[in-house]
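Generate the whole structure from the sequences, applying the supplied hints.
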Amino acid sequence: MNKLIMITGSTSGIGLAAAKSLAKKGFDIIGVGRSEEKCYKAIKEIRKENANVAIRYFIADLSLQSEIRKLCTEVTDYIDENYEGRLDVLVNNAGAFTTYYTLTNEGFEMQFAVNHLAPFLITDLMMSALKKSKHPKVLTTSSNSHYGAKIDFDNLMLSKNYNQLRAYKRTKLMNVLFTYELNKRYKDVNNFTAFAVDPALVNTSMGEKNTNGLAKLVWSIRKHKGVSPEEGASTIVYLASENIKRKDKGYYYKNCEYKCPNKKALNKESANRLWKISSRYCEA
Amino acid sequence: MKKHVMITGATGGLGKAFVVEFARRGYNLFITDLNEKALKTLGDSIKKCYGVEVKYKPMDFLNEKSFDEYWQVVRESGIKFNMLVNVAGVDFEGEFFEQNVKNIMSIAKINMLSVLGNTRMIVDYIDDAQKFRIINVSSLAGFYSMPFKATYSASKTFINSISTALNYELKEYNGSITTLCPAGMATRNDTIESIKSQGFMGSITTLNTCDIVSNTIDYAQKGKRTYIPGVVNNVLKKIGMLFPKHVVSSLIYQRWAKTREKVKTTIRGTA
Numbered sequence: 001m002n003k004l005i006m007i008t009g010s011t012s013g014i015g016l017a018a019a020k021s022l023a024k025k026g027f028d029i030i031g032v033g034r035s036e037e038k039c040y041k042a043i044k045e046i047r048k049e050n051a052n053v054a055i056r057y058f059i060a061d062l063s064l065q066s067e068i069r070k071l072c073t074e075v076t077d078y079i080d081e082n083y084e085g086r087l088d089v090l091v092n093n094a095g096a097f098t099t100y101y102t103l104t105n106e107g108f109e110m111q112f113a114v115n116h117l118a119p120f121l122i123t124d125l126m127m128s129a130l131k132k133s134k135h136p137k138v139l140t141t142s143s144n145s146h147y148g149a150k151i152d153f154d155n156l157m158l159s160k161n162y163n164q165l166r167a168y169k170r171t172k173l174m175n176v177l178f179t180y181e182l183n184k185r186y187k188d189v190n191n192f193t194a195f196a197v198d199p200a201l202v203n204t205s206m207g208e209k210n211t212n213g214l215a216k217l218v219w220s221i222r223k224h225k226g227v228s229p230e231e232g233a234s235t236i237v238y239l240a241s242e243n244i245k246r247k248d249k250g251y252y253y254k255n256c257e258y259k260c261p262n263k264k265a266l267n268k269e270s271a272n273r274l275w276k277i278s279s280r281y282c283e284a
Numbered sequence: 001m002k003k004h005v006m007i008t009g010a011t012g013g014l015g016k017a018f019v020v021e022f023a024r025r026g027y028n029l030f031i032t033d034l035n036e037k038a039l040k041t042l043g044d045s046i047k048k049c050y051g052v053e054v055k056y057k058p059m060d061f062l063n064e065k066s067f068d069e070y071w072q073v074v075r076e077s078g079i080k081f082n083m084l085v086n087v088a089g090v091d092f093e094g095e096f097f098e099q100n101v102k103n104i105m106s107i108a109k110i111n112m113l114s115v116l117g118n119t120r121m122i123v124d125y126i127d128d129a130q131k132f133r134i135i136n137v138s139s140l141a142g143f144y145s146m147p148f149k150a151t152y153s154a155s156k157t158f159i160n161s162i163s164t165a166l167n168y169e170l171k172e173y174n175g176s177i178t179t180l181c182p183a184g185m186a187t188r189n190d191t192i193e194s195i196k197s198q199g200f201m202g203s204i205t206t207l208n209t210c211d212i213v214s215n216t217i218d219y220a221q222k223g224k225r226t227y228i229p230g231v232v233n234n235v236l237k238k239i240g241m242l243f244p245k246h247v248v249s250s251l252i253y254q255r256w257a258k259t260r261e262k263v264k265t266t267i268r269g270t271a
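Protein chains in written order, with the numbering used here: chain A, 1 to 284; chain B, 1 to 271.
If you are wondering where the hints come from, they were derived from the structure by calculation, not from laboratory data. Even for Gly, the Cβ is constructed at its ideal location relative to N, Cα and C. It is possible that part of the hints are untrue.
As the list claims (entries may be wrong) - Lysine-lysine pairs mimicking PhoX-like chemistry, simulated, CA-CA at most 25 angstroms apart:
| # | chain 1 | residue 1 | chain 2 | residue 2 |
| --- | --- | --- | --- | --- |
| 1 | B | K47 | A | K276 |
| 2 | B | K47 | A | K70 |
| 3 | B | K37 | A | K70 |
| 4 | A | K160 | B | K47 |
| 5 | A | K150 | A | K264 |
| 6 | B | K3 | A | K160 |
| 7 | B | K224 | A | K160 |
| 8 | B | K37 | B | K55 |
| 9 | A | K24 | A | K41 |
| 10 | B | K48 | A | K70 |
| 11 | A | K160 | B | K2 |
| 12 | B | K48 | A | K276 |
| 13 | B | K222 | A | K160 |
| 14 | A | K160 | B | K171 |
| 15 | B | K131 | B | K102 |
To be verified - Just the calculated beta-carbon pair ranges, DEER-fashion:
| # | chain 1 | residue 1 | chain 2 | residue 2 | range |
| --- | --- | --- | --- | --- | --- |
| 16 | A | S279 | B | G78 | 52 to 60 angstroms |
| 17 | B | D68 | A | D77 | 40 to 48 angstroms |
| 18 | A | E269 | B | K37 | 50 to 58 angstroms |
| 19 | B | G26 | A | R166 | 18 to 26 angstroms |
| 20 | B | Y253 | A | E230 | 29 to 37 angstroms |
| 21 | B | K37 | A | R280 | 38 to 46 angstroms |
| 22 | B | K65 | A | E67 | 31 to 39 angstroms |
| 23 | A | K48 | B | K109 | 50 to 58 angstroms |
See the structure below:
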């Protein structure tokens, strides 16, 4: 039976490129996107080069916990029916960048909800399926920008002095802290490994979707210097498909190689504290 | 003693920001809006995250029965309030004479009647031991007579006017009213689109909602009467006051006539 991988944010950019490459490598694909139309397009594009791949897309708005719960129930049913309840790799790749402080209908800051809470909750809800794999892996797309970030637990969602870039960086640091804690908490699960992926600067449209003015301009100039989505996805493809022996603390990868993350992301207390707060925020 | 705040229009862009900020500050909340499901979604999440009490009851200001039922629930809750935030408001953009008459009338009713009704009702349920504060969400539009936003700006002028007058009557109740007069606010995709369409002017007159809300609460607690967020907006307002009203209206007419070309979609919001 083929290995099964679930990738969020996989209708464009890095996520779609990763899905294409992994389909070629013999993975069965579960994709997640926000719009039906884009999901259809993604399936078509993946099938272009891999006509017979088993592929299924689910639609969900990952800024809302209610939608995430619904999504994971649907995905679990699908996995139970077709894969004996087993998921091999989860890639938390969906991300958001918003210029202004915006709240979800559940009262969370948008970037915090999509970039941090969504990976946390999806991983939690898919864990029992992952445990059935021989080599379960959880990959979370972080970013180089996490090096310049700090976490302030009294102002976690930046509801004071909000700044778009500071909020983004902070959620990317959270991705690394989350990965660190994930490895610690599930070290007894057979061969479980979590990785934070730094895709390098990639030419995608993410920074232009909900931004304006200077941020949009900077993004549109910078992205041309970026590598192609295929190149950006290469680390995800590598980590998902190769048998990687994890070195101590070696969970942050860029260009298919281990790299030392921000020291703040290796802080035991922060990682534990963030985990606890996130669990409370994600209580049913 | 825990403090209690009532917030109307709680599930809209600005309303949500007030709800989150008050919860962060440890207030117990009583929230209302039209949609019960949206109130429950927000309320349950806030309870879980901030450990404060959240009560909610939907209300439709256009419906007298709904208004009475709402205040019945407030009475039965036995809560003594320290603050009221009147956020509820609507706008239907467009030329007055092309608009649906029901829409025009609902702008006036919701924006004005909700403030009148709630402000009158809440004084029966305030915490006498402490100062009582009301925040009325007005708009920079309230200082002008704005073509293309005629009903909306007039309704906000009404809010400014009644707030000024009631500030004196409220002294007997140890209370005060602060009017928040922002320019455009980036709370949802459609308002962000609208700000984008105004280009440079849009981006320099727009502040983050979290900062506006936090400052507004600070202003209210100090008993200040008006808060206009942003240096640029304050300067614009002062310049605007130097000219006769019809000159300002004419300038606004010319500017909006251009902008309207870019925004074809209907915009609803409280900015």
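Against the structure, the hints come out as follows:
1. K47(B) to K276(A): Measuring from Cα to Cα gives roughly 16 angstroms; hence the hint holds.
2. K47(B) to K70(A): This hinted pair holds, its Cα atoms lying about 22 angstroms apart.
3. K37(B) to K70(A): 17 angstroms, holds
4. K160(A) to K47(B): 20 angstroms, holds
5. K150(A) to K264(A): 7 angstroms, holds
6. K3(B) to K160(A): Distance of about 21 angstroms is within 25 angstroms: holds.
7. K224(B) to K160(A): Holds, because 21 angstroms separates the two Cα atoms, which is no more than 25 angstroms.
8. K37(B) to K55(B): 13 angstroms, holds
9. K24(A) to K41(A): Between K24(A) and K41(A) the Cα gap is close to 18 angstroms, so the pair holds against 25 angstroms.
10. K48(B) to K70(A): Holds - the C-alpha atoms of K70(A) and K48(B) are around 20 angstroms apart, at most 25 angstroms.
11. K160(A) to K2(B): Cα-Cα ~23 angstroms, so holds.
12. K48(B) to K276(A): At roughly 13 angstroms apart (the allowed maximum being 25 angstroms), K276(A) and K48(B) satisfy the hint.
13. K222(B) to K160(A): Cα-Cα ~19 angstroms, so holds.
14. K160(A) to K171(B): Answer violated: K160(A) to K171(B) is near 32 angstroms, above 25 angstroms.
15. K131(B) to K102(B): The hint is violated at about 39 angstroms.
16. S279(A) to G78(B): 52 to 60 angstroms: The hint (52 to 60 angstroms, Cβ to Cβ) is violated, given that S279(A) and G78(B) are roughly 34 angstroms apart.
17. D68(B) to D77(A): 40 to 48 angstroms: 46 angstroms, holds
18. E269(A) to K37(B): 50 to 58 angstroms: Because 39 angstroms falls outside the window, the suggested range is violated.
19. G26(B) to R166(A): 18 to 26 angstroms: Cβ of G26(B) to Cβ of R166(A): about 25 angstroms, so the range 18 to 26 angstroms holds.
20. Y253(B) to E230(A): 29 to 37 angstroms: Distance hint for Y253(B), E230(A) is violated at roughly 52 angstroms.
21. K37(B) to R280(A): 38 to 46 angstroms: Roughly 23 angstroms apart at Cβ, these two residues miss the hinted range, so it is violated.
22. K65(B) to E67(A): 31 to 39 angstroms: For K65(B) and E67(A) the Cβ distance comes to about 34 angstroms; the hint holds.
23. K48(A) to K109(B): 50 to 58 angstroms: 56 angstroms, holds
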